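Visitor: Based on these hints, arrange chain B on the given structure of chain A.
Here the protein sequences line up with chains A and B, keeping their order.
Read in the UniProt record's numbering, the first sequence has 115 at position 115, and its numbers run on one by one without any break.
Read in the UniProt record's numbering, the second sequence has 44 at position 44, and its numbers run on one by one without any break.
Residues on chain A that point at chain B, a partial pick, calculated with CB under 7 Å:
| id | residue |
| --- | --- |
| 1 | 28 |
| 2 | 29 |
| 3 | 69 |
| 4 | 212 |
Listing some non-contacts, in silico: residues in chain B with all C-beta distances to chain A over 12 Å:
| id | residue |
| --- | --- |
| 5 | 56 |
| 6 | 126 |
| 7 | 162 |
| 8 | 178 |
| 9 | 184 |
Quick list of in silico lysine to aspartate or glutamate cross-link-like pairs, EDC-like style, CA-CA up to 20 Å:
| id | chain 1 | residue 1 | chain 2 | residue 2 |
| --- | --- | --- | --- | --- |
| 10 | A | 244 | B | 92 |
| 11 | B | 148 | A | 3 |
| 12 | B | 72 | A | 220 |
| 13 | B | 47 | B | 86 |
| 14 | A | 188 | A | 140 |
| 15 | B | 47 | B | 137 |
| 16 | A | 244 | B | 70 |
| 17 | A | 244 | B | 86 |
| 18 | B | 147 | A | 3 |
| 19 | B | 72 | A | 218 |
| 20 | B | 72 | B | 11 |
| 21 | A | 248 | A | 223 |
| 22 | A | 244 | B | 56 |
Keep in mind the hints are simulated off the structure, nothing from the lab.
A quick note: this is a predicted structure, and the numbers were derived from the prediction, not measured.
Beta carbons: idealized from backbone N, C-alpha and C, even for Gly.
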Amino acid sequence: MIEDEEIEILLTDLFDIHGYDFTSYSRASLKRRISRLYSLDKFPSFAELRYRVRTDESYLKRFVEEITVNVTEMFRDPSFYLSLRNDVLPILGTKPFIRIWHAGCSTGEEVYSMAILLKEAGLLKKSLLYATDLNPSVLEKVRKGIFPLIQMKQYSESYISSGGLADFSTYYTANYGQAKFDQELSDKIIISTHNLVSDSSFNEFDLILCRNVLIYFDKDLQDRVLKLFDASLGSLGYLALGSKETLKFSAVQNNYKQLNREKIWKKIV
Amino acid sequence: MEEDSLNPEIELVLIGGSAGSLEVLFKLLPLLKADLKPAIIVVLHRKSAGDSSLIDLLSTKTVLPIQEAEDKDLILPGNMYLAPSDYHLLIEKNRTFTLDYSEKINFSRPSLDVTFEAAADIFGALTAGIILSGANDDGTIGLRAIKKAGGKIIAQDPTTAQMPLMPQHAINNLKMDHIFNTVEMAGYLNNL
Numbered sequence: 001m002i003e004d005e006e007i008e009i010l011l012t013d014l015f016d017i018h019g020y021d022f023t024s025y026s027r028a029s030l031k032r033r034i035s036r037l038y039s040l041d042k043f044p045s046f047a048e049l050r051y052r053v054r055t056d057e058s059y060l061k062r063f064v065e066e067i068t069v070n071v072t073e074m075f076r077d078p079s080f081y082l083s084l085r086n087d088v089l090p091i092l093g094t095k096p097f098i099r100i101w102h103a104g105c106s107t108g109e110e111v112y113s114m115a116i117l118l119k120e121a122g123l124l125k126k127s128l129l130y131a132t133d134l135n136p137s138v139l140e141k142v143r144k145g146i147f148p149l150i151q152m153k154q155y156s157e158s159y160i161s162s163g164g165l166a167d168f169s170t171y172y173t174a175n176y177g178q179a180k181f182d183q184e185l186s187d188k189i190i191i192s193t194h195n196l197v198s199d200s201s202f203n204e205f206d207l208i209l210c211r212n213v214l215i216y217f218d219k220d221l222q223d224r225v226l227k228l229f230d231a232s233l234g235s236l237g238y239l240a241l242g243s244k245e246t247l248k249f250s251a252v253q254n255n256y257k258q259l260n261r262e263k264i265w266k267k268i269v
Numbered sequence: 001m002e003e004d005s006l007n008p009e010i011e012l013v014l015i016g017g018s019a020g021s022l023e024v025l026f027k028l029l030p031l032l033k034a035d036l037k038p039a040i041i042v043v044l045h046r047k048s049a050g051d052s053s054l055i056d057l058l059s060t061k062t063v064l065p066i067q068e069a070e071d072k073d074l075i076l077p078g079n080m081y082l083a084p085s086d087y088h089l090l091i092e093k094n095r096t097f098t099l100d101y102s103e104k105i106n107f108s109r110p111s112l113d114v115t116f117e118a119a120a121d122i123f124g125a126l127t128a129g130i131i132l133s134g135a136n137d138d139g140t141i142g143l144r145a146i147k148k149a150g151g152k153i154i155a156q157d158p159t160t161a162q163m164p165l166m167p168q169h170a171i172n173n174l175k176m177d178h179i180f181n182t183v184e185m186a187g188y189l190n191n192l
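With the rest of the complex left out, here is chain A (with noise of 0.2 Å):
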C-alpha cells in the first residue's frame, strides 16, 4: 500500500524532473491507480518505485500510462450518438469544412465512432478528427484503428441503438482476433499528443468532445480546462462532455446553452 505523502513525492518528481503536471488530479483515483500499479509490477518498495519513476524513460511511459484512466468504447451512451446525428450533425454539415477536436481521445473507440456518424452524414470527406491524448502509446492505437475482435459484438449493439442503419462490420476488416477498421475512417484523423493541464489552444473547433476525462480534475483544473475549450469553439460551435460531467458552475456556463437531455452545449456567443 503507498501512504499519501510518497504520493505527492511521485508527483513532485513527475513534474520536476519530467514536466508531468498531476497535482491537480483528483488523489483518490492516483492513489488507487499506483498502488495497483505498484503491486502489479511488484517492487519490493516505494524507494525503488520512485527510483524508476525517476531515472527509466520506458518505465515512466508504463508508469502515466496506468496512472492515467484508459478505458473507453465505441458507441458508449447511445443516445448521445443518437443526438449527435439528429441535432448536431446537420447543423454542421452546412459548414464548409468541419473541425472536431477530441480532447483525451485515450485509445480512439470514440473518435472512430465519431468518423462513422460523419461518413454516414455524408460529411467525412469535407472533415477531420484531430485526436489528441497527453500518452502517446495510446495515440499509437488511435493512428492503426485495430480493436479487440471480442468487442465488436457489443459495439454493433450500442452502434444500432445510436440510430445506426449499416451492418456495423461493413466498417472493418476481421483478422487473428482484431477488428482493423477502413482507411477511410484513419484517414480523416489527425493525432497528437497534448496535455490539457499545461498545453495551450491550436486551433479552432466545431466541435469539441472530452468525455470522462474531467471527472479526475480538481475544480480549479476542470476550469481551465474549459476556458481552454472555450477559447477553442469557434462561434456557435458545441461541447460535448461525459455523461456525468457538467458545465454548470463553470466559469464558461453563460456562453452557452445546453442541447437537450444528453451533455451536448450550443456556444451562444
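Guide: Relative to chain A, chain B alone:
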C-alpha cells in the same frame, strides 16, 4: 468513557449489494428514522443502461434525503447516496465524491470493493460496511479494508438472502462484527 473511545461514532455506512439486494433495501429503507446520524452510500450492481429510475424508486421508500452521487458532491451526515451506474465511486480526503471510469472490478462497475476501500482510506474507523444478497464475491476485499482500518463490518444473514453467495463469501473469509436480518440491520443503523 473507555467504551466510547473504543467505539468511535460511525459517520459513514456503506451498503453494497447485487442480485436480490433491491428487495432488502425496499424493506430496510422504510425502517430508517428521519434523523439518522451517519451518511449512507448505497453501491449496487446494476445494468449499465441508464436506469436512472432506480433513484426514484428508492426515494419512495425513505424519508431521508437521497440522491445519486455526483462528481465533487460533499458527503453530508444523514444523507443517502446511490452510486451511479457504470462508474466507480471514490472518496477524496475532503469527503467529496470522485467518479471513475476505470476497468470493471469483479466484472462490476460500480464495484463494492472499490468504494469500500476508498471509504476505509478516508473514514477509517468511522466506517461501517454492510454486504447484502448477491451472486458474486465483490465486497469481501473492501470489507477487509474497513475492518483493518478499525471500522465495523456486517453481513446480511445468508439464510435470509435471495442470493447467499456474496454475504457468505465475506463471512467465510472475515471475522464479521454482526450478521443481521433486515430488521436487526435497521435497529443497528437507527442506534448509531
